[in-house]
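Enquirer: Heads up: the protein sequence lines correspond to chains A and B, in order. The first sequence finishes on residue 98 if you use numbering that gives the first Met the number 0, and the numbering steps up by one all the way, no holes. The second sequence finishes on residue 222 if you use numbering that gives the first Met the number 0, and the numbering steps up by one all the way, no holes.
I should point out that these hints are in silico values taken from the structure, not numbers from a laboratory. Every residue, glycine too, gets a C-beta built ideally from N, C-alpha and C. Hints may contain errors.
Output of the computed footprint for chain A on chain B, the stretches with three or more beta carbons under 8 Å from beta carbons of chain A [to be verified]:
no.: 1; region: 16-27
no.: 2; region: 50-59
no.: 3; region: 99-105
no.: 4; region: 151-162
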Amino acid sequence: MAIGWYLAVSAIVFCIGAGGVLVRRNPLVVLLCLELMLNGANLSLVAFARMWGNESGQIFALIVMVVAACEVTVGLGLVVAIYRRRLPIDVDELNELQG
Amino acid sequence: MVFTAILFFIAAIGAITGAIGVVMLRNPFYSVLALAFHLVSLAALFLLLRAEFVAAAQVIVYAGAVMVLYVFVVAYVGGGEQLTSGGVLRVLGPLFALALAIELCIAMLGAGLKGVSSKGAAFVPGFGSPAHIGRLFLTTYLYPFEIASILLLAAAVGAVVLARRRRGLEPDEEAGLRVSVARPAYTGTMAEAAGIRPRGDESFTAEGEPVTERTGSGHEGGW
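Hey, can you work out the whole structure from these sequences and the hints?
Expert: Okay, structure coming up:
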């Protein structure tokens with residue numbers, strides 16, 4: 000398969016994730032959609048690594064996975080902290096920092 | 000060749016279906032399962048791109064560990080989500096995503112890069128193998144590697160600090176934990192195994208069978 004097909008799939012996955020981040024209100028699902036966006040980027044990185052025959056893109060993809068794992072741990076910690084404080088788990092309601 | 004194409008389309012359709020499922024499903028638990036499906040399909044795509052180590056890490060780290068974390072938190076927090084109410088963002092979000100998809104496809108497929116329409120560089124044996132990745136990580140990309148480990152450490156500490164209990168247990172939670180369930184005598188505490196009768200249990204066994212008889216039979220039965 001040509002590399003372009005993989006890039007198209009990665010673009011579609013990224014955009015589905017971006018739409019989900021905008022539309023969904025549950026912070027858990029927002030985190031899941033962020034994962035989708037990171038994975039779309041990962042797929043294009045690996046595809047470009049294949050295109051150039053260079054493994055640097057795969058290294059980058061692995062680093063992105065590390066960052067995603069960090070984001071998940073901190074994000075889920077925040078969700079648990081919000082739940083402990085009996086606040087609504089809804090990104091529209093959590094607007095105390097709004098100016 | 001045809002086999003590769005079939006595999007690609009199966010994996011690609013799986014990945015896109017999983018992604019749509021994550022966004023569309025109302026129950027967060029099902030969203031997590033859809034994401035796991037999406038991740039496994041993506042690992043198949045990675046394999047097709049000859050990124051064996053990345054695919055393995057994807058399945059083990061992402062579809063394994065991270066998804067377990069998600070499932071635990073969803074089970075802890077629980078709760079579906081009320082239907083998305085109206086609002087500008089609810090309408091503009093999908094439109095924005097669609098526009099972004101079209102733009103990205105135009106940008107990538109119309110870029111005129113010769114490599115995009117090729118099948119990639121000539122395959123070198125060992126491309127994407129753990130040996131190559133490990134060598135790159137410890138030579139060229141040593142600093143990113145170390146920074147990633149520091150980032151992981153910081154995230155782990157941050158998650159513990161965020162999710163810990165601030166002042167011990169919450170009052171009602173504490174009361175819930177202290178409920179002692181009536182338990183038949185000699186069912187598994189260490190004190191009972193050593194032949195010592197905990198004092199707290201006497202109130203329970205008093206209404207059941209007499210304590211002395213139980214003790215006798217327990218000693219006869221032995222181990």
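Enquirer: Now tell me, hint by hint, if it's right for this structure.
Expert: Each hint, compared with the structure:
no.	hint	result
1	16-27	holds (count 5)
2	50-59	holds (count 5)
3	99-105	holds (count 4)
4	151-162	holds (count 10)
Every hint, counting from the list given before, is met by this structure.
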